[in-house]
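Visitor: One line per chain: the protein sequences are G and Z, in this order.
Going by full-length UniProt numbering, the first sequence runs without a break in its numbering and finishes at 333.
Going by full-length UniProt numbering, the second sequence runs without a break in its numbering and finishes at 333.
Among the clues, some could well be false.
Same chains, same label: a pair holds when it works inside one copy or across any pair of copies.
[Unchecked claim] No farther apart than 30 Å at their CA atoms in a straight line, the calculated lysine-lysine pairs in the DSS-like style are these: (1) K302 / K101; (2) K325 / K101; (3) K217 / K302; (4) K182 / K127; (5) K127 / K217; (6) K305 / K158; (7) K215 / K299; (8) K40 / K101; (9) K127 / K215; (10) K305 / K321; (11) K321 / K101; (12) K215 / K325; (13) K217 / K325; (14) K115 / K313; (15) K299 / K321; (16) K313 / K158; (17) K40 / K158; (18) K101 / K305; (19) K182 / K215; (20) K302 / K325.
Derived from the structure by calculation, the hints contain no laboratory data.
2 protein chains.
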Amino acid sequence: AASTSEAVVATSVLPSWQDTAAKKSIVDFVARVTQAGSPDYVPPAERIAVFDNDGTLWLEQPAYVQLVFTLQRIHELAPQHPEWKTEEPFRSVLAGDMKGVAATGETGVAKLLAATHTGMSTSDFRATVHDWMSKAQDPRFKRSYTQLVYQPMLEVLQYMRANGFKTYIVSGGGVEFIRDYSERVYGVPPEHVIGSTAKYKYSFVGGVPTLTRLAQIDNVDDGPGKPASIEHVIGRRPIAAFGNSDGDIQMLEWTTAGPGARLGVIVHHTDAEREYAYDRTSKMGKLDKGLDEAPAKGWVVVDMKQDWKTVFPNATQ
Amino acid sequence: AASTSEAVVATSVLPSWQDTAAKKSIVDFVARVTQAGSPDYVPPAERIAVFDNDGTLWLEQPAYVQLVFTLQRIHELAPQHPEWKTEEPFRSVLAGDMKGVAATGETGVAKLLAATHTGMSTSDFRATVHDWMSKAQDPRFKRSYTQLVYQPMLEVLQYMRANGFKTYIVSGGGVEFIRDYSERVYGVPPEHVIGSTAKYKYSFVGGVPTLTRLAQIDNVDDGPGKPASIEHVIGRRPIAAFGNSDGDIQMLEWTTAGPGARLGVIVHHTDAEREYAYDRTSKMGKLDKGLDEAPAKGWVVVDMKQDWKTVFPNATQ
Ligand SMILES: [Ca+2]
Ligand SMILES: [Ca+2]
C-alpha cells in the first residue's frame, strides 16, 4: 500500500519534474513539515517559502526583463527628449551600443532607471508596465515574457500553497514590475511580492492624493538586503527558500540556518537547448559561490536539464 | 423578515458597539462590498482594511506604550551605563524629569531609542520586548498593556476578516514591538503588521547568520509615510482605514479617495471615565485637523463614550 501511494504521489505531484533527487528533496521536506505528529511539524502560520524571481521563476537571459523594458522605454520616450541624442547613457542606448551603456557604469544605469521608472505616479507607472508587458515579446522564444516562466516552478508554488505555505517572491527587481503579473501568472498576490523600491512622495496632484515615484532608492532587495527585507516585511524567518544566483546566498543562509527542517534550493541553468546554460561567469544571474557552498549547506541544486521534464508552460518539447 | 434578520445582525455583529450610526456605517459598508451582485462588490483579494495601532486598537495615554518600554529599559540598563548619570537625556530619564527629557528634543529621543532599540540582534530585541510585555502593567488600570486593547475594535478586526478582509496594522510605532503580541491579541499575523523600522545589518556573528539592528531609521511610518508604506508593502489601495489622530489623515485620504465604496473611521477619545478624553491639544494622538475634515470627507467619527458599550475586554463596567 505504501508503494502504491508513493507512486501516486510521484505522478500527481510536481508532474513537470523528473523523478530525481531534486523532486524527492522538495516532496520529502513538505511531507516532514506538514505531517501532524512529525518531529519536524510546522504550523501553517509559520510555513513561509520565499522565491527569487529572475532566473528562479522566469527567464533572465540574455538580459533581465526589467532591463529590456528600460531600454525599450528609452526608445519610446526619445522623441520627447531630443537632448538624449548627445547625452550618455541615452545616446548609446539609442544607438544600440551596449558597450557604450556599460561604460557609463552605475551612474548610467541610475540615469536610465530615473528616466523610465521615476517622476510619475505609482498608478501611471503601473499602467505603463502593464501595457508593455502585454505587448513585449522575447525575440528567441517568440513569446510574451509572462509565458517564459518555469512550469516546474509554477508547480512548486502551487504545491506549497496547497500544503499551507505562504509563497513570497523576494526579488532584486522592482516590486511593481513583478506585481503587474504575479497574481495571474504565479498566483502570488501583490502583498506577497517583496522587491527593490523607490521612495514615494505623497501629495495632492490636481486635488487627488497621489504617490509620486522619486529618483531615490528606498530599498535594494539583493544579497544581504534579502534577509533584511524578509524580516522587515514578513517578520518571520522562512523555512524554505528558492534562488538561482549568488545574490540569493544570504537569503538561503538565513532561511536554512533556522531550527527544524529547512529547504534551500538553487536552480542551476544547465540547459542551453531548451533555455540557457550559465553560471560562474554570467553577467545576469552569476552563480559561483553558491555552487561551491551548496553541498556543505545542504542546499539542493536543481539541474534544469536533468531534473525538469519541461521548462515553459505548454511548450512543444 | 427583513426586520427580523436585521435585528439578528444588530445583536450578533459587533456586540460591544451601541446600535448607533457608527456601527451602522461599518456594517453597511461591509454588506455593500461583500454582497455578490452589488454594484459596490469587491472581490476578496481586494478587501484590504488598514488599522492604526496606538489609540485605535489599544490605549496610548498617558504615554505611548513603546515610550513606557523605552523609559523603563533605560532604568534597567542604567547599571551598565554609569555615564548616563550625567549624560542627557539619560540623566533626566533616571531622575524622572520628563520636562528635562522633552527639552532634549528629537536628538534626545533618538538617543533613547538607539540605547534601547538598536545594537542587538533582531531575535534578542524580540526576546527583550516579549519579556517586558509579559510583565509590564499600566498603573491606572492595573492590567498588562495587551489587556488594554479595545474590545469593540477586536470585534471589528474579527468581523472584517470573517467577511474576507485582510486586516493590516499600519502604525507609526516600531514594527517588532507590535508583532510581539499582534497575532495572539488581534489575530493579525506578523506579516500583516507594517510599522516604523530600523535598518538591519546582515552578518555572521559567532558563525550564525544574524540581523543586527542599526541606529539608522529605515522607515518612519507616520503621516504621509503611511500611504507610502501601504503601497510598498501591500501594493494595493485599501478600501477601509481606521485611525485616531492627525497622523492617520493621509492614510484615510489615500484609502477613501479610491473608486467604489470606501470606509474611513476615526476613533475619537471622549471617555475620560472608562479610558481618556483628548483630541486637539493632546501630546499623544493629537486629533485636530482630522476632526475638522471628517464631515466633508465622509469619515465616520466614533464617539467612544456614546458608541462603545464596553472599552476593554472582560472589563467590569
Ligand atoms: Ca535571480
Ligand atoms: Ca494613533
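Visitor: State for each hint whether it applies.
Guide: To see whether the hints hold, each was checked on the structure:
1. Taking CA atoms no more than 30 Å apart as the test, K302 paired with K101 passes in neither setting, with 33 Å inside one copy and 53 Å between copies.
2. With identical chains, the CA atoms of K325 and K101 are never at most 30 Å apart, being 47 Å at best within one copy and 69 Å at best between copies.
3. For a Cα distance limit of 30 Å, the shortest separation of K217 from K302 across copies, 23 Å, qualifies, whereas the shortest one inside one copy, 34 Å, does not.
4. Proximity of K182 to K127 under the C-alpha cut-off of 30 Å is found in neither arrangement, the shortest distances being 36 Å within a copy and 38 Å between copies.
5. Taking the shortest alpha-carbon separations for K127 and K217, both the intra-copy value of 19 Å and the inter-copy value of 28 Å come in at or below 30 Å.
6. Within a single copy, K305 and K158 get their C-alpha atoms no closer than 33 Å, and across copies no closer than 56 Å, so neither meets the 30 Å cut-off.
7. Proximity of K215 and K299 under a CA criterion of 30 Å is satisfied in both settings, with 27 Å inside one chain copy and 29 Å between copies.
8. For the homomeric pair K40 and K101, neither the shortest alpha-carbon distance inside one copy (55 Å) nor that between copies (61 Å) is at most 30 Å.
9. When the C-alpha separation of K127 and K215 is checked against a cutoff of 30 Å, the pair qualifies both within a copy, at 16 Å, and between copies, at 26 Å.
10. In this homomeric assembly, K305 and K321 come within 30 Å of each other (Cα to Cα) only inside a single copy, at 21 Å, whereas the closest approach across copies is 63 Å.
11. Within a single copy, K321 and K101 get their C-alpha atoms no closer than 44 Å, and across copies no closer than 67 Å, so neither meets the 30 Å cut-off.
12. Proximity of K215 to K325 under the C-alpha cut-off of 30 Å is found in neither arrangement, the shortest distances being 42 Å within a copy and 43 Å between copies.
13. Taking the shortest alpha-carbon separations for K217 and K325, neither the intra-copy value of 47 Å nor the inter-copy value of 40 Å comes in at or below 30 Å.
14. In this assembly of identical chains, K115 and K313 lie within 30 Å of each other by CA distance neither inside one copy nor across copies; the values are 38 Å within and 54 Å between.
15. Within a single copy, K299 and K321 get their C-alpha atoms as close as 21 Å, which meets the 30 Å cut-off; across copies the closest is 64 Å, which misses it.
16. Taking the shortest alpha-carbon separations for K313 and K158, neither the intra-copy value of 38 Å nor the inter-copy value of 50 Å comes in at or below 30 Å.
17. Neither within a single protomer nor between protomers do K40 and K158 lie at most 30 Å apart by alpha-carbon distance, with minima of 33 Å and 55 Å respectively.
18. In this assembly of identical chains, the alpha carbons of K101 and K305 never lie at most 30 Å apart, being 41 Å within a copy and 50 Å across copies at closest.
19. Within a single copy, K182 and K215 get their C-alpha atoms as close as 27 Å, and across copies as close as 25 Å, so both meet the 30 Å cut-off.
20. Taking the shortest alpha-carbon separations for K302 and K325, only the intra-copy value of 24 Å comes in at or below 30 Å, while the best inter-copy value is 61 Å.
Comparing the model with each earlier hint shows violations of hints 1, 2, 4, 6, 8, 11, 12, 13, 14, 16, 17, 18; every other hint is respected.
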